[in-house]
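Peer 1: Model the placement of chain B on the given structure of chain A, informed by the hints.
One-letter residues, chain by chain:
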Amino acid sequence: MITAIVNVSLKAGVLDSQGKAVHHALDSLHFKSVNDVRIGKQIVLKIESDDKTEAMAEVEKMCEEILANTVIEDYAIELI
Amino acid sequence: MKVSILQFPGTNCEYDTQHAFEALGASTEIIWHKSESIPSDTSLLVVAGGFSYGDYLRSGAIAQFSPVMKAVKDYADRGGKVLGICNGFQVLTEAGMLPGALKRNESLHFISKHHTLKVENSDNIFLENLHNGDVVNIPIAHHDGNYFIDDAGLAKLKANNQILLTYSDAEGNVQNPNGSVDSIAGVCNKEKNVFGLMPHPERAMESILGSDDGVKMLKGFLAS
Numbered sequence: 024m025i026t027a028i029v030n031v032s033l034k035a036g037v038l039d040s041q042g043k044a045v046h047h048a049l050d051s052l053h054f055k056s057v058n059d060v061r062i063g064k065q066i067v068l069k070i071e072s073d074d075k076t077e078a079m080a081e082v083e084k085m086c087e088e089i090l091a092n093t094v095i096e097d098y099a100i101e102l103i
Numbered sequence: 404m405k406v407s408i409l410q411f412p413g414t415n416c417e418y419d420t421q422h423a424f425e426a427l428g429a430s431t432e433i434i435w436h437k438s439e440s441i442p443s444d445t446s447l448l449v450v451a452g453g454f455s456y457g458d459y460l461r462s463g464a465i466a467q468f469s470p471v472m473k474a475v476k477d478y479a480d481r482g483g484k485v486l487g488i489c490n491g492f493q494v495l496t497e498a499g500m501l502p503g504a505l506k507r508n509e510s511l512h513f514i515s516k517h518h519t520l521k522v523e524n525s526d527n528i529f530l531e532n533l534h535n536g537d538v539v540n541i542p543i544a545h546h547d548g549n550y551f552i553d554d555a556g557l558a559k560l561k562a563n564n565q566i567l568l569t570y571s572d573a574e575g576n577v578q579n580p581n582g583s584v585d586s587i588a589g590v591c592n593k594e595k596n597v598f599g600l601m602p603h604p605e606r607a608m609e610s611i612l613g614s615d616d617g618v619k620m621l622k623g624f625l626a627s
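Going down the list, the sequences are from chains A and B. When we follow this note's numbering, the leftmost residue of the first sequence carries the number 24, and every step to the right adds one. When we follow this note's numbering, the leftmost residue of the second sequence carries the number 404, and every step to the right adds one.
So here's chain A without its partners, still in its complex pose (with noise of 0.2 Å):
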């Protein structure tokens, strides 16, 4: 069984207003050391396989074809 665990995140330049809100937020508890806030999704698979290869191949077709947007949206896949 590999974990697959598909971080999904607005492009650099798409404005995340969600992230924006946070960081106001932030700034106002007086965290001032932050910089920038940027939110994403976390999808965590459970993949029926041992061929870690084979899986990442899978799962970027996953992301192309539904779990991103990547009109909008990067993403990164890591394994385990």
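There could be a bad hint or two in this list.
Claimed, not checked - Listed below are several chain A residues computed to face chain B (Cβ distance under 10 Å; list not exhaustive):
| no. | residue |
| --- | --- |
| 1 | K69 |
| 2 | I70 |
| 3 | N92 |
Unchecked claim - Have a look at the derived ranges for each label pair, beta carbon to beta carbon:
| no. | chain 1 | residue 1 | chain 2 | residue 2 | range |
| --- | --- | --- | --- | --- | --- |
| 4 | B | W435 | A | K75 | 53 to 59 Å |
| 5 | A | I62 | B | G536 | 50 to 56 Å |
| 6 | B | A544 | A | K75 | 41 to 47 Å |
| 7 | B | G482 | A | L38 | 32 to 38 Å |
| 8 | B | S438 | A | E83 | 41 to 47 Å |
| 9 | A | H47 | B | E432 | 36 to 42 Å |
| 10 | B | H422 | A | H47 | 40 to 46 Å |
| 11 | B | A558 | A | L38 | 44 to 50 Å |
| 12 | A | V45 | B | I514 | 55 to 61 Å |
| 13 | B | G536 | A | H53 | 47 to 53 Å |
| 14 | A | V45 | B | F513 | 15 to 21 Å |
| 15 | A | H53 | B | N535 | 38 to 44 Å |
| 16 | B | I514 | A | K34 | 22 to 28 Å |
Rather than coming from a laboratory, the hints here were simulated on the basis of the structure. All C-beta atoms, glycine included, are put in the ideal place defined by N, C-alpha and C.
Peer 2: Leaving out everything else, chain B in the frame of chain A:
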């Protein structure tokens, strides 16, 4: 004139849409998303508004894989006319049938109110009863209506007159409620047979209820 209206789990504007088109004299049929075909006499297919699949993952993301969507794509490829309203617009962008994507509103708030829109390009069947620069009053009701497209895509939209409507004030000056690129409220594909917009023309059919400007818009489809 037959208008077929798609219904996914979570769609909630199908009956308003049906009422609007029947008031204009069309016959209508509601098509459940499990159907693998659409009626052969369909002259307009509407992807109605709502919250298909609870907006899980992203608005419109799951609906694009419903069985009926293959038939919808074939229909559009053959030149059939398709209109996506609100969540229907989100479904059509997710399905790659319209350019761009809809993000969370810049304010992060759900916005539900009447808004004035400026007609940008009326050289298409949808807006042929209007003129460039006209202002219409149409309700908006969305959380994810912040239209995004990259600079190259925006240049193409402009070059092909694909921007249908922009959010404006009553005089037609830009007034952007949700952060959309260039204040865009609706677009069409290059071939001008697939249309999408966040505002709800089907909710603007009676002046006593605030506006009947939706009549001028939806009537365009009936002329063909």
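Peer 1: Should the hint that H47 of chain A and E432 of chain B are 36 to 42 Å apart at their CB atoms be regarded as holding?
Peer 2: With Cβ atoms ~48 Å apart, the hint is violated.
Peer 1: Hint validation: K69 of chain A versus chain B, beta carbon distance must be below 10 Å. Holds or violated?
Peer 2: violated, 18 Å
Peer 1: Cβ-Cβ distance between V45 of chain A and I514 of chain B: within 55 to 61 Å?
Peer 2: For I514 of chain B against V45 of chain A, whose Cβ atoms are near 21 Å apart, the range 55 to 61 Å is violated.
Peer 1: Given a hint of 32 to 38 Å, does the C-beta separation of G482 of chain B and L38 of chain A actually sit inside it?
Peer 2: holds, 36 Å
Peer 1: Taking the beta carbons of A558 of chain B and L38 of chain A, is their distance inside 44 to 50 Å?
Peer 2: violated, 19 Å
Peer 1: Regarding W435 of chain B and K75 of chain A, is the given constraint of 53 to 59 Å on their beta-carbon distance met?
Peer 2: Violated, since W435 of chain B and K75 of chain A (Cβ atoms, about 41 Å apart) do not stay within the stated range.
Peer 1: Can I70 of chain A be said to touch chain B, with a Cβ gap under 10 Å?
Peer 2: This hint is violated: I70 of chain A lies away from chain B, its Cβ roughly 18 Å from the closest one there, beyond 10 Å.
Peer 1: Quick check: does the Cβ-Cβ distance between V45 of chain A and F513 of chain B fall within 15 to 21 Å?
Peer 2: holds, 19 Å
Peer 1: Can you tell me whether the CB distance of G536 of chain B to H53 of chain A sits inside 47 to 53 Å?
Peer 2: holds, 50 Å
Peer 1: Could you check the hint for me, namely that I62 of chain A and G536 of chain B are 50 to 56 Å apart, CB to CB?
Peer 2: violated, 39 Å
Peer 1: So, N92 of chain A near chain B? Judge it on the closest CB pair being under 10 Å.
Peer 2: holds, 5 Å
Peer 1: Is it true that A544 of chain B and K75 of chain A lie within 41 to 47 Å of each other by Cβ?
Peer 2: The hinted range 41 to 47 Å holds for A544 of chain B and K75 of chain A, with Cβ atoms some 46 Å apart.
The structure does not agree with the numbered hints 1, 2, 4, 5, 8, 9, 11, 12 and 15 stated previously, though it agrees with the rest.
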